[in-house]
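Protein chains: 4
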Amino acid sequence: MIKVGIIGSTGYAGEELVRLLVNHEQANIKFCYSKKFASKKYHEVYKNFFNIIDKECVEDDLLKLSKEVDVIFTATPQGYLAGILNDEILSNCKIIDLSADFRLKDVAVYEKWYKIEHKTPQYLNEAVYGLCEINREKIKTTRLLANPGCYTTCSILTLAPLLKNGIVDENSIIVDAKSGVSGAGRNEKIDKLFCEVNESVKAYSIGVHRHTPEIEEQLSYLLGKNVVINFIPHLIPMNRGILASAYANLKGKYNYQDIKNIYQEFYKGEKFVRLLDENVYPETRCVRASNYIDINFKIDERTNRILAFGAIDNLVKGAAGQAIQNMNLMFNLPEDMGLNAVPTIL
Amino acid sequence: MIKVGIIGSTGYAGEELVRLLVNHEQANIKFCYSKKFASKKYHEVYKNFFNIIDKECVEDDLLKLSKEVDVIFTATPQGYLAGILNDEILSNCKIIDLSADFRLKDVAVYEKWYKIEHKTPQYLNEAVYGLCEINREKIKTTRLLANPGCYTTCSILTLAPLLKNGIVDENSIIVDAKSGVSGAGRNEKIDKLFCEVNESVKAYSIGVHRHTPEIEEQLSYLLGKNVVINFIPHLIPMNRGILASAYANLKGKYNYQDIKNIYQEFYKGEKFVRLLDENVYPETRCVRASNYIDINFKIDERTNRILAFGAIDNLVKGAAGQAIQNMNLMFNLPEDMGLNAVPTIL
Amino acid sequence: MIKVGIIGSTGYAGEELVRLLVNHEQANIKFCYSKKFASKKYHEVYKNFFNIIDKECVEDDLLKLSKEVDVIFTATPQGYLAGILNDEILSNCKIIDLSADFRLKDVAVYEKWYKIEHKTPQYLNEAVYGLCEINREKIKTTRLLANPGCYTTCSILTLAPLLKNGIVDENSIIVDAKSGVSGAGRNEKIDKLFCEVNESVKAYSIGVHRHTPEIEEQLSYLLGKNVVINFIPHLIPMNRGILASAYANLKGKYNYQDIKNIYQEFYKGEKFVRLLDENVYPETRCVRASNYIDINFKIDERTNRILAFGAIDNLVKGAAGQAIQNMNLMFNLPEDMGLNAVPTIL
Amino acid sequence: MIKVGIIGSTGYAGEELVRLLVNHEQANIKFCYSKKFASKKYHEVYKNFFNIIDKECVEDDLLKLSKEVDVIFTATPQGYLAGILNDEILSNCKIIDLSADFRLKDVAVYEKWYKIEHKTPQYLNEAVYGLCEINREKIKTTRLLANPGCYTTCSILTLAPLLKNGIVDENSIIVDAKSGVSGAGRNEKIDKLFCEVNESVKAYSIGVHRHTPEIEEQLSYLLGKNVVINFIPHLIPMNRGILASAYANLKGKYNYQDIKNIYQEFYKGEKFVRLLDENVYPETRCVRASNYIDINFKIDERTNRILAFGAIDNLVKGAAGQAIQNMNLMFNLPEDMGLNAVPTIL
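Top line first, the protein sequences correspond to chains A, B, C and D.
Taking our numbering, the leading residue of the first sequence gets 1, the next gets one more, and so forth.
Taking our numbering, the leading residue of the second sequence gets 1, the next gets one more, and so forth.
Taking our numbering, the leading residue of the third sequence gets 1, the next gets one more, and so forth.
Taking our numbering, the leading residue of the fourth sequence gets 1, the next gets one more, and so forth.
Possibly wrong hints are sitting among the right ones.
One copy or any two copies: either way a pair holds, since identical chains are not told apart in the list.
Claimed, not checked - Heads up, simulated DMTMM-like pairs for lysine to aspartate or glutamate below, C-alpha to C-alpha not over 25 Å straight-line: (1) K115 - E278; (2) K35 - D191; (3) K253 - E68; (4) K40 - E88; (5) K251 - E301; (6) K55 - E196; (7) K41 - D277; (8) K36 - E117; (9) K119 - E25; (10) K260 - E196; (11) K36 - D169; (12) K268 - D54; (13) K268 - E59; (14) K140 - D106; (15) K260 - E44; (16) K36 - D54; (17) K225 - E111; (18) K35 - E188; (19) K268 - E44; (20) K253 - D169; (21) K36 - E133.
Derived by calculation from the structure, the hints in this document are not laboratory data.
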């Protein structure tokens, strides 16, 4: 059994980690760390866990905790892990970081978009970007895993085969993304109150959303040269789910099957990537509470543009599920262990 | 492995049966019966099953199908099973009926509330009412299981210990229930369209809801004499969940712990019944997509009335989950097999 | 033109006051008072007012402000007005208080349920409870109007004719109420975040909700003797609307038309009370954004109980609309001025 | 008083026409035509009108009805009006058609996208496209008004100043639109049931949505040459509202104020077009139940692309409100008569 600790366990991604790990046959949750709710029962914070988890939330020294477990998940605000990480911790246990601290290789880009100083850039090089379908082999051996963002997971996987095969104009890429509200986290802000979000839709963080450089960096690796995109997130009145609608100009003439072949080749054997049948398009409900991403696309012949769509559950494939998929890889377990739930379409 | 067939597999309860049985380690789905979608792929009807189930929906003769499986779930309209059941079918396989056909022992009551003739009343006596927490021993040996209704499961379990112990005035019971929209099924009616249900609440079937006599019958067994109640269902703009708010006059003076003891005794060892801590009350989200019922109550000293609350997921504990719990009992499997999902609070 | 000031203008009830008063042909908004957003443009706080109101929010001395207007609406937390009211203010302008400070005649009851000291009980006697359909004549001449609570307006109007005519057992009354989330106000609490409320239903403030004594006091006046009830509020995932489901034992045998006559007589000429046709029941969407209350009932012959239902928009008839209806009466204007919007059913 | 008839009065756009016309001081509704609900009381179909409208729905000969009124609104399926229109009708009364029958000047384009034969193309030339902000003068004198579609109104108004001034590459335009569910109308389809739409988001009619050629035609007029775009609609779990997110490459270098000036000049004096302050972006709730369109944009310097956003209420500015705005113009009334409601942000 893998001994697991969760820091930031009372945020929404933290809750999903606990929910999924409780039924993971090789994981044993040793502690649920929460600064805000320290010494409260975990099931008092999230009442779905009544009679399931009896632990109290703890707050403690990270170094000390690192000695008690095999792996720590940090579902924490930006800057927390980078501010505290050191060699001793990393020699004690593996770290799967759900924050953005170690996702971007270029510290200047991090500091520009996140507007905080990075305290431990020396670990950036070592950190592995944990998008399993892209980086599987590196993930298996790392001790510092940077778990991708929710929007980025959805956007990159939707576009990756196109970039890898160089069939779209890299200057034409626009990602219009739609997210449920849980992506914004569990903090008391007026603009996340029920009555402010319900029955409305809006774009936000227009031109400045922090997931932009993360998508660009990964797409650039795939293409082999620099990619700059527009990424425009929208808030949707629902709890879970992200739909990425990605638009790009095709460099040549292709029919549906040409490009479908490219996707199928790229995602061959990938259990969690579902390439839908022609004319069937992703809906977030079809992946809800599961680790799948559903993908499909349409070629618009009038404009020779590809319209590609990807849907994930932002809390699962976009956060906790992918983190566990990474853990499975890092501990040499079957990659889908604990992640086999059928989406709850209702 | 138990060979399983599902009739009415493309309704909402049918979908949940498939969803839960796919991951049940001792069940093997042999057929998904759907009159409406016969010969369509199941995953075309419910796209969450893409790459998970490749079966086509079938429509066939029940007798023939009964020879191919160990158990058939009928998630069908009232009157279907009663209109077709016979000895040969029952000798071929067990039946777990999610309709109301065999829930009420008195055929006259059935015909009065459902306004259809009962074609096979000869099986009413044999049928076992499948509320596991009440009828566990009988369930284990039956071949015809009447799976309780969603409202009834929630209402009866919320009130059962009070009736069993005779501490409330049986003439004072009112159940004000609130249900998500999936309880109404998947049929094309104007009053179930999104824009007709969203952002509104209403009572419906006032005084005539068919779950009324079912609740009354079971409460009467518990009390040992006839119980007549008011049951008032309300429609809530959400997909899943039932909250039953039950009110009754106490016959004597009790404090919270007195009655808590009664509940604890009654539900001793029941995994799926969670008696919440004092002053913590059920919320439907805390049981979502799980087989739990959460229960708690308050004694109002000003009126000497008990205000008791129960919450379930209408599609799981109120339908498919309980049906599988019954199947587990009927096939001598661990009662919670396939039913261990943690509620998805988000 | 009536010069109007609004204190607490940036809460939800405050916003509705502004929304309705902007189009009121005899009202002229002089100031929007907001402690939290002082010196911000009102349309920065509520962006629906862009190009409609150009005022900044102010914070100032109440006495000074009282000299500038004919009437002040206080949509403020409990205790604010009671803590500051004096003769000079009341001689300068009329006050319509949307808080509970002057609703209950008995200061001990106020202090018990609200758990704050009442600083100016000397005005309790003078204050008029502003339920127009009950207290119309007194309202016309008062200078201190206590605008009823949202739940109370709905509950009292649903039950009033029954109490007035003494046809129900006053010891049997239960009100199970369902409210949208705007009733809880605009404050940053975790339990009002979108993801905590959406897709769930729960009871809250069980046995201790502060609207209980207010309903009881008014029902007691109607009956002519003391009434104690159970009032159980529930939170519904929608923005607006309250449905009160009220249950009581009938003292004699009545048919539907007997009691319909009682309601019709009681509410004769009341424009905003709509007594629906037999078998048509209130839905909150049918009164949304309007000042109507829709009412109907069913007699359950099996239990000889009446099941009565009332629906309002909590922000209009339950707060701002009723406050303006009161203003119209206090300034001798047509009672429905500015309140003629047809409900937005969609 | 203008005598008004409404055909298709029981669809969602029809309901909004009735709702707004009831309080229009110069309109008098003579008949509510409904094939489906003929001889039912209108308030039985839409219960918000109880005690407000006592009319029965009628079904009758259009020619006969045309003699009884000054204007007829046709909120009918595509093909209805084109199949029945003749000179005599048009000589009897004006027609404001909310269907697409007379929006596109080229009958071949109509027949290609709508896949129905146009029976009366001889009226296409006479018909005026009723986007008031673009075609005001022509609207004033026409007797056949083609009321724009909901998506088209929002998309065109969001982009118009850019095209008119030729500052974007017309081959680069992508409109990613998000709509509430009422836009899909009131028909009993499984995919519009509450549980199928709630808590999910999806794109639909990808590459084939019928509003595409309508947007293209109007943008082409503005630019003075042919425009081909991608238009991708998405379904959002809310009743009302459309947000159009429009993306285009700028032909030159501009700062925010440069382009703001262009918008301000283009929409000078337009009451219903609100150009928001810099860094404030449209949200559909801010225009709900009103006739406003809120617009703003951002220039992304990294890609030299403009990201423009427009929000309307699809049932008001996108249908019934704009139709009444057109009626006002056609009958020489103040353009905003009956359209002054403040958006209901809650």
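Structure-based check of each hint:
1. In this assembly of identical chains, K115 and E278 lie within 25 Å of each other by CA distance solely across copies; the values are 22 Å between and 43 Å within a copy.
2. Within a single copy, K35 and D191 get their C-alpha atoms as close as 23 Å, and across copies as close as 19 Å, so both meet the 25 Å cut-off.
3. Taking the shortest alpha-carbon separations for K253 and E68, neither the intra-copy value of 57 Å nor the inter-copy value of 51 Å comes in at or below 25 Å.
4. Taking identical chains as interchangeable, the C-alpha atoms of K40 and E88 are never at most 25 Å apart, the minima being 29 Å within one chain and 50 Å between chains.
5. Taking the closest pair of Cα atoms, K251 and E301 come within 25 Å of each other both inside a single copy (13 Å) and across two copies (24 Å).
6. Only between protomers do K55 and E196 lie at most 25 Å apart by alpha-carbon distance; the minimum there is 22 Å, versus 34 Å within a single protomer.
7. In this assembly of identical chains, the alpha carbons of K41 and D277 lie at most 25 Å apart only when taken from different copies (12 Å versus 46 Å within one copy).
8. Taking the closest pair of Cα atoms, K36 and E117 come within 25 Å of each other only inside a single copy of the chain (24 Å); across copies the shortest separation is 32 Å, beyond that limit.
9. Taking CA atoms no more than 25 Å apart as the test, K119 paired with E25 passes in neither setting, with 36 Å inside one copy and 48 Å between copies.
10. In this assembly of identical chains, the alpha carbons of K260 and E196 never lie at most 25 Å apart, being 40 Å within a copy and 28 Å across copies at closest.
11. Neither within a single protomer nor between protomers do K36 and D169 lie at most 25 Å apart by alpha-carbon distance, with minima of 47 Å and 45 Å respectively.
12. In the homo-oligomer, the alpha carbons of K268 and D54 lie at most 25 Å apart only across protomers (18 Å), although the nearest pairing inside one protomer, at 42 Å, exceeds that limit.
13. Neither within a single protomer nor between protomers do K268 and E59 lie at most 25 Å apart by alpha-carbon distance, with minima of 43 Å and 34 Å respectively.
14. In this assembly of identical chains, the alpha carbons of K140 and D106 lie at most 25 Å apart only when taken from the same copy (23 Å versus 61 Å across copies).
15. In this homomeric assembly, K260 and E44 come within 25 Å of each other (Cα to Cα) only across copies, at 19 Å, whereas the closest approach inside a single copy is 48 Å.
16. Taking the shortest alpha-carbon separations for K36 and D54, only the intra-copy value of 18 Å comes in at or below 25 Å, while the best inter-copy value is 40 Å.
17. In this assembly of identical chains, the alpha carbons of K225 and E111 lie at most 25 Å apart only when taken from the same copy (22 Å versus 45 Å across copies).
18. For a Cα distance limit of 25 Å, the shortest separation of K35 from E188 qualifies both inside one copy, at 16 Å, and across copies, at 19 Å.
19. Taking identical chains as interchangeable, the C-alpha atoms of K268 and E44 lie at most 25 Å apart only when they sit on different chains, with a minimum of 22 Å there against 43 Å within one chain.
20. Taking the shortest alpha-carbon separations for K253 and D169, both the intra-copy value of 13 Å and the inter-copy value of 21 Å come in at or below 25 Å.
21. Proximity of K36 to E133 under the C-alpha cut-off of 25 Å is found in neither arrangement, the shortest distances being 35 Å within a copy and 38 Å between copies.
This entry does not satisfy hints 3, 4, 9, 10, 11, 13 and 21, going by the numbered hints stated previously.
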